[in-house]
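Engineer: Residue-level listing of the chains:
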Amino acid sequence: LDVIVSLLLNAAFLVSVVALVALGLGVIYGLLGVINMAHGEFVALGAYAAFLVTSSGMPYWLALILAPVLGMGAGMALQSGILSRLVRRPLDAILVTLGLSLVFQQILQAVFGAVPRTVANPTPGAIEILGATFPTFRLVAILIAVVIIVATILFLARSEFGIVVRAILQNREAASVNGVNAGRYSVWAFGLGAALAAIAGALIAPSTNVTPLMGATYLAPAFVAVILGGAGRPVGVLIGVAFMAGLEVILAPYIGATVARAGVLVLAIIAIRLRPNGLISEKRDRFA
Amino acid sequence: MAQQIQRRDFLRLAGGVGAAAFIGTSLAACAPPTTGGGDKDGLKLGFLTSFTGLEAVLAAAQFQSFELAVNQLNGAGGAGGRTITFVKEDDAADSKQTIEKANKLAYSDRVNAVVGLVASLEREAALTVLPAAKTPLFYTTYYEGSYLDANACDPYYVATGQVPNQQIDPLVPWLTDNVGTKYFVVGSDYIWPRGTSIRLKELVAADGGSVAGEQYFPFGTTDFSQVLREIDSSGADVAWITLAGTDFLTFLTQAHQFGLKAKLVSIGMDDVFAHANPDAAAGVIASQAYFRSIETDANAAFLDAYSTAYGADAPVNAIGVAAYNAVHLIAAAVEKADSVDTDTWMAEISNVEFDSPMGLVKVSATNQNTTCANYIGEVQADGSISILSESAAVEPDLPGCSL
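Chains as they are written, first to last, in the working numbering: chain A, -5 to 282; chain B, 51 to 453.
I should point out that these hints are in silico values taken from the structure, not numbers from a laboratory. Treat the numbers as computed from the prediction; the structure is a model and nothing was measured. Keep in mind that the hints are not guaranteed to be accurate.
[What the hints assert, rightly or not] Under the rule of at most 25 Å between Cα atoms (straight-line distance), these lysine to aspartate or glutamate pairs were calculated in the DMTMM-like manner:
{"id": "1", "chain 1": "B", "residue 1": "Lys311", "chain 2": "A", "residue 2": "Glu122"}
{"id": "2", "chain 1": "B", "residue 1": "Lys138", "chain 2": "B", "residue 2": "Asp363"}
{"id": "3", "chain 1": "B", "residue 1": "Lys313", "chain 2": "A", "residue 2": "Glu122"}
{"id": "4", "chain 1": "B", "residue 1": "Lys313", "chain 2": "A", "residue 2": "Asp(-4)"}
{"id": "5", "chain 1": "B", "residue 1": "Lys232", "chain 2": "A", "residue 2": "Asp(-4)"}
Model the full structure from these sequences, guided by the hints.
Structural biologist: What follows is the structure, encoded as structure tokens:
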């Protein structure tokens, strides 16, 4: 039993963290149609926010506020300053975000150095759950991630913001005619996506090392998860993440970590081939 | 819908994620070279390592020790009157960039020798370029020797780090006496961990022990929670860790958080890793040619000069001191040969010795690896490493290598 419990807990941690990253990526893609190749750098930004907070002697928990604020600020600046000019040029937007991801990596490297940084564990110690030992902080991180994910999905589905953004998506011109400032909503949506990635970075930081290139590690599974889940559907994204991160954790002990990582990608390709519109697919409606 | 990207485009572009990561590491390599002036007959060295990327944590100690040796020698008249200059390059622990930079150092900068490198994949890459250019490579990291057909035997290759018979052979019997004989191996998925595991398993079998599990992880693994549970449920006494660079630090952090019961042992542990995260590294058993805590006059003088130049708490390790030794051995050979002609001074490389901070070192005439002592130590809560056992200098053993 303890084997299964620890397997589930370990998978839950990875899934919840990658889900935050993927949800952010999905929000930006689903709502704006922009593939944000610099999304991983928002994760790194959040992790460095946690490093800054703890290394200056402040409690770690402040990072859970600072990281999304920084992420949202950077994301909104990016959207309003650059990407808003590329609304009808999605391929250019991809190239721009790809270039920006390299620029961000170099900025992080210039500011913080290439050497890995550590963030002290805010809740040291481990707890026993049905015979399995699990670090307390991982449990806290799972809970925080789940709360944020549920809140985000509800916000997108129920709030006026979510409804307006969906209206923009269905028909930008009609929405504008009805008095919606599409540009302004896009800026907020991009900020929301970036904030989700940054808070994921802050949640990961105490369990790993903070490096300028860490974003790529989380971007790849999040990316595939978004595709797999049916791009632009939050619940689909969560299923995609469970497939990507969960399966890898479960397979690794049996077939080796290297083969497991490759194998999950192969399975993802097969799944996409069989269900090109995502694992859960209704007709062609984006996000809702 | 014209401005929206269709699902198919998204799929097609997904491949770009990998490309993004790749280009990221390429650009990371643009460190400005610090070319010195120097007389025409001076000694010009290339220093190549991963200042960025997976092994970045080890670069500072390696470079600073190298630079310290150059500065000290120049202050004392250089290499037999020749001023030593150097060119510094970053390969981001990426073999493609190692090849590019090795080519640059050999053909464009025309250095007399290249010193540095951490990961074996960097060494393998550099050796596809440098011997052909008749530019000797001085590799300063402990490694797998000739296991798994690694490139370790070449007239233009000198290793100043340890090979398995120097680093692992003394360690396993010590573990048998002091910790236990049941092992679980966790390494990065490349030639160093897999090659050294071969020697480990031979030694464990000779002591009547067993290896309960063996797992290798791709570079950049960020979660080791599953293997941590497996180590404990296997009942292993020793968790034998050969993860590289950042991944090793990640593992230590998580092993500490999960409260791993098995004793952590690593031939990669040294003062730099211990200093990077003392909380997580405390208690780890290490086996190296050098720890800061070695009590000799040569080491005291070295540490004094090192802290004066780079700060009181700047850590240094066997990789660094081996780089320091490499510069001194090259300078001594050049001085003895009184020439910077490669074949002339390289003919003297095994005829010189150096009283280094790690003890007397000498390059073997048989295989051009280095005779050095070994120390077994344990990381303390303050990040220092206390020496538990010490073995005399032994010849490097590379079966089948006769130069």
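Engineer: It remains to establish, for every hint, whether it holds in the given structure.
Structural biologist: Status of the hints after comparison with the structure:
no. : hint                 : in the structure
1   : B:Lys311 - A:Glu122  : 14 Å, holds
2   : B:Lys138 - B:Asp363  : 24 Å, holds
3   : B:Lys313 - A:Glu122  : 21 Å, holds
4   : B:Lys313 - A:Asp(-4) : 22 Å, holds
5   : B:Lys232 - A:Asp(-4) : 22 Å, holds
Of the numbered hints listed earlier, not one is contradicted by the structure.
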